[in-house]
Amino acid sequence: MRLDKVTERVYANCDGETGGNVGVVVIDGSVVAVDAQYPASAKDFRESIPSVSELPVSHLLLTHVHGDHVFGNQAFEDCVIVAHRRLREKMEASLAAEWAPGNLEEMLEGIRRDRPERAWLFEGLRIVLPTEVFEDRYVLGDVEMINLGGHSDCSSVVHVPDEGVLFAGDLMFAGTFPWAGDPTADPDVWIEAYRQVLGMDWDVCVPGHGPLCGRAEFIVQLEWFEAVRDEMGGLIGEGASMEEAVAYDGYPEFHESMGDRRE
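Quick note: the sequence shown uses the numbering used here, first residue 588, plus one each step.
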């Protein structure tokens with residue numbers, strides 16, 4: 588995996604070929620990784636880190652619970668794995684349900700059957716939980732991790748103010764239509780998260796999916812979210828059912844591309 592230089596101490600891979608974007612931050616004495624993709628690509632990610640720094644990898648920071656960001660945790664099992672409390676709770680609950688041994692194998696068989704071109708990414712999957720959790724904010728050197736919610740209730744951003752960089756996780760799908768299929772996704776919280784992000788000190792964003800972006804992309808998406816929310820609220824206020832509001836075809840246009848997501 589290629590890690591491209593974002594700033595003097597921040598590197599990222601945003602090609603979208605093997606899952607959500609990942610990156611590293613070089614801090615005093617060690618390297619911090621952000622997100623982990625899938626087992627096979629996480630191995631490649633971990634092996635690529637010495638190409639940008641000879642320092643040891645000490646921490647893995649997880650922006651949210653979705654598989655294309657956490658299924659590669661096993662490649663960082665020797666590190667401190669940090670996530671929001673709810674992320675760990677969701678993973679623990681999944682270990683007793685859809686990720687229980689028989690169910691996990693059934694899921695993998697379904698991937699081999701329905702998405703054979705992606706199956707290699709999941710080979711050797713072993714669920715590894717975060718080892719350290721936080722509630723609102725986690726600080727590691729000059730790196731801060733802040734829970735904002737929106738895309739999911741465990742969604743967090745990783746902010747490196749000294750480098751002017753923000754890892755937004757899936758709060759930001761740069762240049763593509765955002766995915767809001769998580770049961771805890773909340774457009775009102777998402778809007779507030781964008782406002783908080785725009786109030787932070789940063790110049791370049793590593794999004795969860797899509798290319799590097801700046802503040803302009805957040806402003807465009809914030810305005811779209813607000814317009815759709817207000818339009819839908821108006822329809823429902825006038826007596827439309829939820830089904831009618833969802834089917835309404837007069838919402839503002841937005842990115843048509845689904846980016847690196849695969850059906």
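It is worth saying that the hints were derived from the structure and are not from the lab. Any given hint could turn out to be false.
Stated by the list, open to error - Pairwise CB distance ranges (calculated): (1) Glu825 to Ser635: 21 to 31 Å; (2) Ser638 to Val791: 39 to 49 Å; (3) Val791 to Ser828: 34 to 44 Å; (4) Ala680 to Trp707: 41 to 51 Å; (5) Asp729 to Glu664: 33 to 43 Å; (6) Asp729 to Gly801: 41 to 51 Å; (7) Gly616 to Leu695: 31 to 41 Å; (8) Leu785 to Met694: 18 to 28 Å; (9) Glu595 to Ile823: 25 to 35 Å; (10) Gly616 to Arg672: 42 to 52 Å; (11) Gly616 to Ser638: 11 to 21 Å.
Fair warning: this is a prediction, and the values are worked out from it, not measured in the lab. Ideal placement from N, C-alpha and C gives every residue a C-beta, glycine not left out.
Which of the listed hints are broken here?
1, 2, 4, 5, 6, 8, 9 and 10
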